[in-house]
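Here the sequence shown is numbered in UniProt numbering, starting from 1 and rising by one per residue.
A hint or two may mislead.
[Unchecked claim] Derived DSS-like pairs (lysine-lysine); straight-line CA-CA distance at most 25 Å:
{"#": "1", "residue 1": "K148", "residue 2": "K196"}
{"#": "2", "residue 1": "K148", "residue 2": "K49"}
{"#": "3", "residue 1": "K76", "residue 2": "K49"}
{"#": "4", "residue 1": "K176", "residue 2": "K143"}
{"#": "5", "residue 1": "K143", "residue 2": "K81"}
{"#": "6", "residue 1": "K49", "residue 2": "K143"}
{"#": "7", "residue 1": "K143", "residue 2": "K76"}
Hints are computed from structural coordinates only; laboratory data are not their basis.
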Amino acid sequence: MTDSSPSGSNPDEMTLDEIRQAIAPSLPEHVAFDGWSDQALALAAYQHKIPIERARLAFHDGRIQMIDAWFDSVDKALIEKVESLSLDDMRVRDKIQALIMARLEIMQPYREALRRALSILVMPSHVPHSSQLSWHAADLIWKLAGDKSTDFSYYTRRLSLDAIYMATLYVYLDDKDPELANTRQFLARRIGNFMKVHKIKSWFKRSEDSKFSFSRLLGRLRYPSK
1 MTDSSPSGSN PDEMTLDEIR QAIAPSLPEH VAFDGWSDQA LALAAYQHKI PIERARLAFH
61 DGRIQMIDAW FDSVDKALIE KVESLSLDDM RVRDKIQALI MARLEIMQPY REALRRALSI
121 LVMPSHVPHS SQLSWHAADL IWKLAGDKST DFSYYTRRLS LDAIYMATLY VYLDDKDPEL
181 ANTRQFLARR IGNFMKVHKI KSWFKRSEDS KFSFSRLLGR LRYPSK
């Protein structure tokens with residue numbers, strides 16, 4: 001085990017946010033055996049030489065806060081990995097697939113921790129929070145893919161990717177192939193379906209815009225272009 005606390009930080013002087021950031025990446029190592037529990041938190045805190053009392057204070061909301069912190073650390077790892085993905089020359093669909101697979105690969109050593117996290121997040125009392133987490137993941141992936149939409153498509157793209165990502169997670173958890181072949185194929189199909197629907201919607205919108213309009217014709221007759 002290694003100590004990855006902020007460089008030169010005295011655990012007693014670290015802020016609660018710094019403690020969460022230090023401990024979060026190590027939590028899933030222990031969750032696989034002890035669940036999202038105080039025991040897992042204690043082991044991760046010990047790993048970073050952080051007093052358990054301080055760790056408990058940093059994660060005073062318990063297992064949901066621990067899960068949040070881990071997903072935040074996954075986000076940061078994905079952002080750091082973007083350059084190595086060479087996204088610039090990819091089509092949008094390939095960017096999305098590469099980013100989702102990169103996120104899954106980051107969590108690959110901790111699939112049991114992910115499984116346990118999802119089993120908690122699907123509880124009725126946690127569904128609203130779970131929706132926020134999956135929306136955030138979809139939003140980050142779209143932003144890393146270069147999406148700059150600000151109109152209604154901003155929301156439709158994220159809602160669609162949210163559904164794709166969550167469905168893919170469950171395929172991923174049951175994928176026994178070392179190369180995650182089933183996951184990749186499933187994800188490619190779902191993204192392909194999304195892109196087809198998106199193209200059809202765009203075609204209908206263009207058709208609506210180009211449709212004959214009697215009022216537009218009258219306007220042109222009344223105010224001919226110069």
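Here is what the structure says about each hint:
no.: 1; hint: K148 x K196; verdict: 20 Å, holds
no.: 2; hint: K148 x K49; verdict: 42 Å, violated
no.: 3; hint: K76 x K49; verdict: 23 Å, holds
no.: 4; hint: K176 x K143; verdict: 30 Å, violated
no.: 5; hint: K143 x K81; verdict: 14 Å, holds
no.: 6; hint: K49 x K143; verdict: 36 Å, violated
no.: 7; hint: K143 x K76; verdict: 14 Å, holds
Going through the hint list in order, the structure does not satisfy hints 2, 4, 6.
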